[in-house]
Amino acid sequence: MKEFKISAIKEGTVIDHIPADQTFKVAQILRLGQYDDVLTVATNLKSGKMGKKGIVKIGGKFLTDKEVNKIALIAPSATVSIIKNYKVEGKQIVKIPDELDNIALCINPNCITNHTEMKTLFTVVGGKPVKARCHYCERCIDTSELEIK
Amino acid sequence: MQFKGRDVISIRDFTKKEILHILDTAKYFDSGNYKEHMQGKIMASLFFEPSTRTQLSFGTAMKRLGGKVISVSDPSTTSVAKGETLFDTISMVDRYADIIVMRHPVEGASRFAAEAAQKPVINGGDGANQHPTQTCLDLFTIQKAFGKIDGLKIGFVGDLKYGRTVHSLATALTHFKTEMMFVAPETLAMPKEYLDELDSKKIKYTVTEKIEDIINDVDVLYVTRIQKERFPDPMDYEKVKGVYIIKKKLLKNAKKTMRIMHPLPRVDEIAPEIDQTPHAIYFEQAGNGIPIRQALICLVSGVIE
Ligand SMILES: [Zn+2]
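Heads up: the protein sequence lines correspond to chains A and B, in order.
Just so we're aligned: 814 in my numbering is position 104 of the first sequence, and the numbers increase by one with no gaps anywhere.
Just so we're aligned: 1261 in my numbering is position 280 of the second sequence, and the numbers increase by one with no gaps anywhere.
Please keep in mind that the hints were generated in silico from the structure rather than gathered at the bench.
These numbers were taken from a predicted model, which means no experiment stands behind them.
Hints are not guaranteed to be accurate.
[As the list claims (entries may be wrong)] Simulated pairs of lysine-lysine, DSBU-like, Cα-Cα distance not exceeding 35 Å: (1) A:859 - B:1182; (2) B:1183 - A:805; (3) B:1008 - B:1228.
Here chain A stands alone, though its shape is the one from the complex (with noise of 0.2 Å):
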């Protein structure tokens, strides 16, 4: 098969070994949907490490370390790589915050978070697979479970 060619972005950010069931998570937790500028989003790429992968390309964007957080949760495998003049000109880490402050929803219907308008706030607690915990009603939750904000 002839390998598919992704344009490079002269600025912007690319996020790359996204696993590929997430990639179209990943562009709608950035709510790209109405993104105006160069935006690659390419999936079942084929990744020696993963098997397949996606990738996100963003002309014109920088993330801010909330974005960063949310992609996290949902593809603690991605990088992130600015983009400046076509060169890498740094990586942003991705890793799941202590806290995760109103980036996502309780999965705990009778939470108050879900009865009332406020902000959301959970503190990771580690384990394997990561969970953490609702500041408010203290359900444990699976990071992967949440429900991006």
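For chain A, the structure is supplied; the task is to place chain B with the ligand on it using the hints.
For chain B with the ligand alone, kept in the frame of chain A given last:
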């Protein structure tokens, strides 16, 4: 240790040292020889869900301290029912009272209220989540009965899946060197999340469906009610409902010093014939709610240290 101005929302918010200080303070109030520390102070008692016993206990504690109580006991008649948000209710009451006690059917509501209020908030139960004053009084009851908590074998029987008193007590006991034994039908077993917590803290525990496996071994038997509505299939309830009834016969070879606790109300899980035995301390346990709540009210109000 700083208690003044703090909220009492979850047993997880307190260190071992702080818990022991709460128990020590409760001992002072239990002696009966104390001043009316809350004179001139007002406690707001907001029960968005009825719980006669808890509300009575908090009210008694405050009144014995010389304080006054204002209360909302029937939320259906208040502005809450008219769509006022919890935030608005709390913000208003915060300006009326010196301390707020709240019970609410939604989990995390007390934490949310505590963040909205300047005054200390004490959680009187938030849905299936926490009931920290119950946990403190349970610990106090064990300490009072045995003079210690370390070294005891503590059995839990009944609904361990939904029983929040069991979850919070087990969490609190991880601060101590106890061994825990969990007895429940498979459908109502202790959730894995809590067992994982015990594992991570290297606490010894056993899990079984048979009460006979542990009854002669335990120092404390903590009994909870099995509720019919927890079973999707009524047949399953019928199968287990009679299995865990504590009768004299069952205690034949139990330790003489073994003590039976129950958060009350009970239905039929402890036979009345047990009440007169030295094993029964559940009414004393309920009574211990007064000195514990007095201790917490005074500590967070800053009237004692
Ligand atoms: Zn929650």
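A quick look at each hint next to the structure:
1. A:859 - B:1182: Holds: residue 859 (chain A) and residue 1182 (chain B) sit about 33 Å apart, inside 35 Å.
2. B:1183 - A:805: holds (28 Å)
3. B:1008 - B:1228: holds (32 Å)
No hint from the list above goes unmet by this structure.
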